Amino acid sequence: MTSKLLYEKTAEYTAFYTGGDIQWTKDGVTLLCQNDDIIKIVDVNTFSTILTIGEGESDAENDQIYTFQVSHSNDIVITAHRSGLMKLWDRHTGKHQKVWRSGHKGPVAKLAFDLLDENIASGGSDGNIRLWDLNHNTCTISLRGAMGVFSVLRYHPDLSKQLIFGSADDTKIRSWNSKTGKEHLVYSGHFSKITSLQFTPEGEFMVSSGRDRVLILWNLNESKALKVIPVYESIEATVLLPSVFKIPNFTKKIETEGIFVACAGEKGVVKVWNLLMSRLMFEQENSLVSSAVEEGGLAITHLLFNELRNVLAVVTADQNIIMHDVESFDCIKQITGFTDEVLDIVLVGKNESHLVVATNSSDLKYYEFETMNCQIVKGHTDIVLALAVFPAKPELFVSSSKDNTVRIWLQTPDDRITCLAIGARHTASVGSVFTSQTSCNFFTSVSQDNCLKVWNVPKDIETNTNQKIKSHHTELAHQMDINCVTVSPNDKMIATGSQDKTAKLWTDNITLLGILKGHRRGVWCVKFSPVDQVVLTSSADSSIKLWSIADLSCLKTFEGHESSVLKIEFISKGLQIISSGADGLLKLWNIKTSECKMTLDNHDGKVWSMALNKSESIIITGGSDSKMVKLKDKTIEKREQIAKEREEMILQEQELMNLLHDKKLIKALKLSLRMGRPLHVLKIVNEVLKGGNEKLCETLKEINNTQKETLLKFATEWNTNNKTCHAAQLVFNILAPEIISGSLKVPALGGFIEGALPYTERHFERLTNLLQDLNFITYTVNCMQPHAIKNG
1 MTSKLLYEKT AEYTAFYTGG DIQWTKDGVT LLCQNDDIIK IVDVNTFSTI LTIGEGESDA
61 ENDQIYTFQV SHSNDIVITA HRSGLMKLWD RHTGKHQKVW RSGHKGPVAK LAFDLLDENI
121 ASGGSDGNIR LWDLNHNTCT ISLRGAMGVF SVLRYHPDLS KQLIFGSADD TKIRSWNSKT
181 GKEHLVYSGH FSKITSLQFT PEGEFMVSSG RDRVLILWNL NESKALKVIP VYESIEATVL
241 LPSVFKIPNF TKKIETEGIF VACAGEKGVV KVWNLLMSRL MFEQENSLVS SAVEEGGLAI
301 THLLFNELRN VLAVVTADQN IIMHDVESFD CIKQITGFTD EVLDIVLVGK NESHLVVATN
361 SSDLKYYEFE TMNCQIVKGH TDIVLALAVF PAKPELFVSS SKDNTVRIWL QTPDDRITCL
421 AIGARHTASV GSVFTSQTSC NFFTSVSQDN CLKVWNVPKD IETNTNQKIK SHHTELAHQM
481 DINCVTVSPN DKMIATGSQD KTAKLWTDNI TLLGILKGHR RGVWCVKFSP VDQVVLTSSA
541 DSSIKLWSIA DLSCLKTFEG HESSVLKIEF ISKGLQIISS GADGLLKLWN IKTSECKMTL
601 DNHDGKVWSM ALNKSESIII TGGSDSKMVK LKDKTIEKRE QIAKEREEMI LQEQELMNLL
661 HDKKLIKALK LSLRMGRPLH VLKIVNEVLK GGNEKLCETL KEINNTQKET LLKFATEWNT
721 NNKTCHAAQL VFNILAPEII SGSLKVPALG GFIEGALPYT ERHFERLTNL LQDLNFITYT
781 VNCMQPHAIK NG
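Numbering of the sequence shown is given in the numbering used here, commencing with residue 1 and proceeding in unit increments.
Think of the hints as simulated: they come from the structure by calculation, not from any bench. Just so you know, not all the hints are guaranteed correct.
DEER-style ranges, computed between Cβ atoms [as the list claims (entries may be wrong)]:
1. Lys350 / Asp551: 35 to 45 angstroms
2. Leu757 / Lys667: 25 to 35 angstroms
3. Ser48 / Ser223: 46 to 56 angstroms
These figures come from a predicted structure and were not determined experimentally. Built from N, CA and C at the ideal position, the CB exists for glycine as well.
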């Protein structure tokens, strides 16, 4: 296998939804997602960001978006910012069209368009609602009466009623006349924050949900609760379903009288209620959302219903978007909006067709590599820290977690992931796992309990699921946290690295073979060479060390990273090293020469994870910046490019020699300038000067401005040497009038003059002194001549 020269970034998978508001366009094609200081418009089918609103704004980084709203026509977007500004954007182009100050005493919490998209209401944290005429950007009226921060703001669907509804911290739903500003009715019934309001199409009834675990059906004309339905969980989002629809377990179309509401909240399950009958019609059984850890916490934050697609999208507290077909309630699509920190990545499957990613979550993210379609895999009860694949059976892999357990997983023929076995013998977070390399017989794990464990993989592992496994060897391996474990290519040795600054070598039955001492800080990663009796370690002291297994001596130290080196891998049959660090860099090293051949800066934080495919043609890196980067080996292309450039250079050299031989000086000068050969250019200029200064002046008229600029750069170099300054000064003299007149524009004119002037002054002073000396000699000779005649 030839050495690698270059890897290039071919794809980058970044966050597009980091929490906050999210809206679905009516056509069902795009989602508008709040992503810190910008809004990303994402294609639902391809997961690609097709447009970004707010990017490139000069004040965007300091002016966080608090909330946004899309118009009913889906043509415009209005954002409310921390600075108190409100901005109007074109949804199709992302162009900024209008900006005005909200006038609220504090940030704007909610926005709502009227049905004609001519007015927008802003609900502030000051308990006031301001209504804005979008044609003139003027506040037409201010609505008062509420107290605290607005959590809900909606216009009544019937235009003729001219009503607007809002609820703030005082838990009352208030309605105002949007033309007169007078308070219409107050609906009291909830006892904690109200999270959603829905109106029936004819506008007669209103449905409200809250964190007080009830849904309330209101008669809008009487301001009294018709039905109060206990749902036994805090509700965060509701969707009013059409009067005719299908859901599982109901074979015929539902056309009976009813108001059907889908709701979700802290339990992570979607439920459908018929409010008129106070009846629970459907409770989801295939939820991929974990219930909230704390009572009253969040699990599902938004429900989005697209009538055109008949799809209900569930948005979770950890920024996953899960889409269900309403008719069957099967999960049809999963999108990960924000992966948080990417802690580990492995390629699984016979053709390495899928990625399994451990993020700052108890769930595994399972991606189809080509399309990046995601599935969320549940099992662990705390953050998953590490992953490892069995090379002998790439469908089988192991995970470890902060829940003190290890798990064995299998990729099934239908591309699903199932948990086959659980090991729960550690007493603290399990930070690293590694599998046997030649078989599927065992794997190793290390933990914050300072123990190294070797686990047997049962022979019948694929026939039973969730079986308990036990470790058959345990050793208190280090006195401090163990960061990593690895197994040798022949399965005969195990290596561990720890915060105690050492790496240790063990036999497969955990007998200590030796200790590698030399790092000044904790050891983050250890790897065995695939071909030699050496082991590689990386440390928080920013160095990588190569050790002999035979005598435990340090053979080489590689220095170049600016902070902790977190991951290392041997490539090119043990001739090269790939390393990633907390400085966000990926480096390629040549072991023989100890040189760093390549440095890539694709991450804005620690690069925790690195996965290579078997052919080493692709590298996937993941880091604390919640970004995954795909790199492709471009060595063959690079070598071909170098060979092609060399061939072109040889041909040009030959052509140049031929031109010089035939005394075709103008063509030779042009070619030398194009090739960037200052020495050849100087020789040609000196050759031209043999015909006089006028000849050089005529020659320089034949070259274009780009070539003249290159000639000036070369002349600046010649000007630094006494022997070649004559040609340089003549070039300056000929080209100076063109620069002064403006016909020759030199972009870096200031730098050029700054470089040339001191040497020119020095040459002028030297020539002046020389001239004085010559004049003095002439004077002396002239004085001596009369005496010589007289004496003669």
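Structure-based check of each hint:
1. Lys350 / Asp551: 35 to 45 angstroms: 41 angstroms, holds
2. Leu757 / Lys667: 25 to 35 angstroms: 33 angstroms, holds
3. Ser48 / Ser223: 46 to 56 angstroms: 47 angstroms, holds
Comparing the model with each numbered hint stated earlier shows that all of them hold.
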